[in-house]
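Peer 1: Chains as they are written, first to last, in my numbering: chain A, 968 to 1183; chain B, 80 to 330.
Hint data in this document are derived by calculation from the structure and do not stem from the laboratory.
Keep in mind it's a predicted model, so treat the numbers as computed, not measured.
No residue lacks a Cβ here, since even glycine has one placed at the ideal position from N, Cα and C.
You may find that some hints are simply not true.
[What the hints assert, rightly or not] Rough simulated footprint, nothing fancy, chain B against chain A, three-plus residues with beta-carbon under 8 Å: (1) 1013-1024; (2) 1077-1086.
[Said to hold, decoys possible] Heads up, simulated EDC-like pairs for lysine to aspartate or glutamate below, C-alpha to C-alpha not over 16 Å straight-line: (3) A/Lys1092 to B/Glu156; (4) B/Lys114 to B/Asp87; (5) B/Lys321 to B/Asp305; (6) B/Lys321 to B/Glu310; (7) A/Lys1092 to B/Glu155; (8) B/Lys192 to B/Asp166; (9) A/Lys1092 to B/Glu159; (10) B/Lys203 to B/Glu184; (11) B/Lys289 to B/Glu262; (12) A/Lys1092 to B/Asp166; (13) B/Lys114 to B/Asp166; (14) B/Lys198 to B/Glu184.
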Amino acid sequence: MDVIFENLPLYWEGFLRTLFLSVVSGIFALILGTLLAAARVSPVAALRGFSTVYVEILRNTPLTIAFFFAAVVLPRIGVKFEQFEIAAIIALSTYTAAFIAEAVRSGVNSVPVGQAEAARSIGMKFGQVLSLIILPQALRTVIPPLINILIALVKNSSVAGAFFVLELFGYGRQLANANGDAVITVLLGTAFFYLLLTVPLGILANTVERKVAIAR
Amino acid sequence: MTTHVPGDTLVSLNAVNKHYGQLHVLKDINLQVRKGEVVVVIGPSGSGKSTLCRAINRLETIEGGTISIDGKVLPEEGKELAQLRADVGMVFQSFNLFAHKTILENVTLGPIKVKGVSKAAAEKDAMALLERVGVGHQAPKLPAQLSGGQQQRVAIARALAMKPKVMLFDEPTSALDPEMINEVLDVMVQLAKEGMTMIVVTHEMGFARKAADRVVFMADGQIVEDATPEEFFTNPKSDRAKDFLSKLLTH
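In isolation and in its complexed conformation, chain B is listed as follows (with noise of 0.2 Å):
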């Protein structure tokens, strides 16, 4: 479903690694993820790909190699990391809405305080995304009012408030309720549709089908493959991923 031409490297990670303790979380990864690309991440648990997403924008930190955005290296600490935190989406598993503000509230906090935004075009910006997403009745509500689905959407909408460069998506349906999972998948498709490049970590392979560019494979805290959707559902050329889609197809 390659509707648009990726462009340029937007996020390189070049031999990154992190233990934890004595697990080795991640090794040597390296991953070039272009303008407009949709990478689908996937893997058994305790593979490493929750924290490969983390560490995009240094939620997690690394222990050597680089990652770099839009040919930024990211710094360690400080207002450098925030302003290109600004630049990356982050949409959690547990949607981490902030509990104490509005949806709207949720979606303007950013834009107003980060960049600067005058609330009335804040506020005009998020009624425009929330519609976008579906939830723009639910505005002056709390997030606890709201079910997990419209959590989500709502927590997208607030990662494309701040018109981010690259949208990172950690599980974002394994916290939902089985018929809430397609309502957040429409909007994660749309938006792929658009252009928006985006890393997904994800156990929804019919997501991956219809909306990846690409499909990386974890295993271990190594990238085991790296192939286009097509090629790594109908060929996958390692063991590793045969057994894991082997796996998935008796359920």
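One chain only, chain A, in its complex shape (with noise of 0.2 Å):
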């Protein structure tokens, strides 16, 4: 146990970079992912068609190919940045939110019909009838789905550590190195932290789902 109350401050740094990354990550891959989930059901095929081929392409490939074409591909072709943390951003939000895109589908598509037709039917238009009406039912119903992405989220943040961003997972694999004799300590140490963070979002998403049931 030494070997963690000794390296608190590490493990403290690791939490707060897993935090971070898992918070900017999470909120870009919401507004992308609602974006594209939007897309999927507009009357406009083109727009269909990109969200639906963004989609299949992040979601049936590894996050790791996600990190290698953010943190090696991207610099290639131009797009450079200071921080390998840019790069874990990027990949972490675009994988994400493909995941999102189809929970937000799947909500939408739970909403009855008749309430889009309904908003159709006093002159709504496309726009209005998506944000007024149907993404605040689907939204309810989404909530659940979504806050387990975001756990997986906190979790695949950790692939990050193998690209040269020091968050949780990478302090942890340090630590492992330095101290051979307490590797099992170390990492259940590691484990505690990411616990730390997930569980408390376990137990919004029981709740959450409790509260916004919308009687029909």
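With the hints in hand, could you dock these two chains into one complex?
Peer 2: So, in structure tokens, the structure goes:
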């Protein structure tokens, strides 16, 4: 246990970095994912096509490939960034957005079609139907699955550790290398800090699920 | 019951055709509805009457022919279509009140977001409409807290809030318990008396007799008869209509 307490500042720094990566990527992914879902249900065929291709590619390839593209390929085609952290955020948010798009789309499909028809029949345009009627109802049903996706995002952020970003897992690995006799303790400590983020999210998902259910 | 003289043509369908796959649901439909007219569309299930009603504000697309409202041909998509729809009120079989909005918000949303009316003015209008259909005291509730009949009356108020030129009713009482049907029909009869142009798809023959200027009888995607209620109910011309009416009377 000593190895954990002695290195608490390192753990804490890693924890904050993981938190930062997750929150920033999570926000970008939510925005991008919602836009992709909107494109997927839009009347414009080109938008639907783009969204479908995007989601299918990102959802069906490993996250490490997204990281590889962001960290290695993007700089080669002229997108430069000072820190690998930016690459990590790009990879995590583009990858997670695909899952969020699918969750939001299923939520949109769960709203009875009559809601959209009623909105259209009082003269609302597509954007209004979506933003005022469909999404507010869809988001309530997708909040629990969205939180599950965010939990996965927190865990997925550990891949950044392999791409030179010192977050929780990155520090954990450093510590494990430095303390060969206490690898298990070090890893348990790392796991504990992940749980510190993911367990409250899980509890939140349950609470929200009970609170926001709408009566029909 | 023609207390008003119908004016110029408001809704005009010319040679409208539609298929669902192999099924020809609308066959060369021609129908003119004049300002202030109340047209009741009746017919057996699957005759295309609901499709006809929904095509008039393009909730259903059509493959051939034209539909025009107040002289303007129904556009295919986009802003112009939305604008035209704002002039056409629609009441659905399943009410379709916005489940996440209060009764008051259901009625004010259209005027505020589509017409740009101020919130205060929209709420004043909405309360007057809700009082008129008899659900004023329910304003702060959510749709799920109301009975079916009350929800449908709110849906009528929501459509009226847009000050439509014509109101479409797609089987407005078919999802209601018998004792709630009359409270909705009363509102509709009142509306007809006030001179609203209405196209009503219904199975309520009583309403057709009481409030309709014309009865349109549809079968197999075609308009088979188009007559005054008296003519239609006492002296139907086609065998199809005679058959349909005889089945109603046996119950």
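Peer 1: All hints, please: hold or fail.
Peer 2: The hints, checked one at a time:
1. With 0 residues carrying a beta carbon less than 8 Å from a beta carbon of chain B, the segment 1013-1024 of chain A misses the three-residue requirement, and the given coverage is violated.
2. Closer than 8 Å: that is the beta-carbon criterion, and the segment 1077-1086 of chain A has 6 residues meeting it against chain B, so the requirement of 3 holds.
3. Only pairs whose Cα atoms come within 16 Å are accepted, and A/Lys1092 paired with B/Glu156 is accepted, the gap being roughly 10 Å.
4. Distance hint between B/Lys114 and B/Asp87 is fulfilled; the C-alpha atoms sit about 6 Å from each other, no more than 16 Å.
5. For the suggested pair B/Lys321 and B/Asp305, the alpha carbons sit about 14 Å apart, so the restraint of at most 16 Å is met.
6. This hinted pair checks out: B/Lys321 and B/Glu310 have alpha carbons roughly 12 Å apart, not beyond 16 Å.
7. Of the pairs offered as hints, the one joining A/Lys1092 and B/Glu155 holds, with about 13 Å between alpha carbons and a cut-off of 16 Å not exceeded.
8. In summary, the hint linking B/Lys192 to B/Asp166 is supported, as the alpha carbons are separated by about 14 Å, within the 16 Å threshold.
9. Under the criterion of a C-alpha separation no larger than 16 Å, the hint pairing A/Lys1092 with B/Glu159 is consistent with the structure, at around 10 Å.
10. Only pairs whose Cα atoms come within 16 Å are accepted, and B/Lys203 paired with B/Glu184 is accepted, the gap being roughly 12 Å.
11. A C-alpha spacing of about 15 Å is found between B/Lys289 and B/Glu262, which places the hinted pair at or below 16 Å, so the restraint holds.
12. Among the hinted pairs, A/Lys1092 with B/Asp166 is consistent with the structure: their alpha-carbon atoms are about 14 Å apart, no more than 16 Å.
13. Note on B/Lys114 and B/Asp166: the hinted pairing holds, with a Cα-Cα distance of about 13 Å set against a maximum of 16 Å.
14. Restraint check for B/Lys198 and B/Glu184: satisfied, since their Cα atoms lie roughly 10 Å apart, inside the 16 Å limit.
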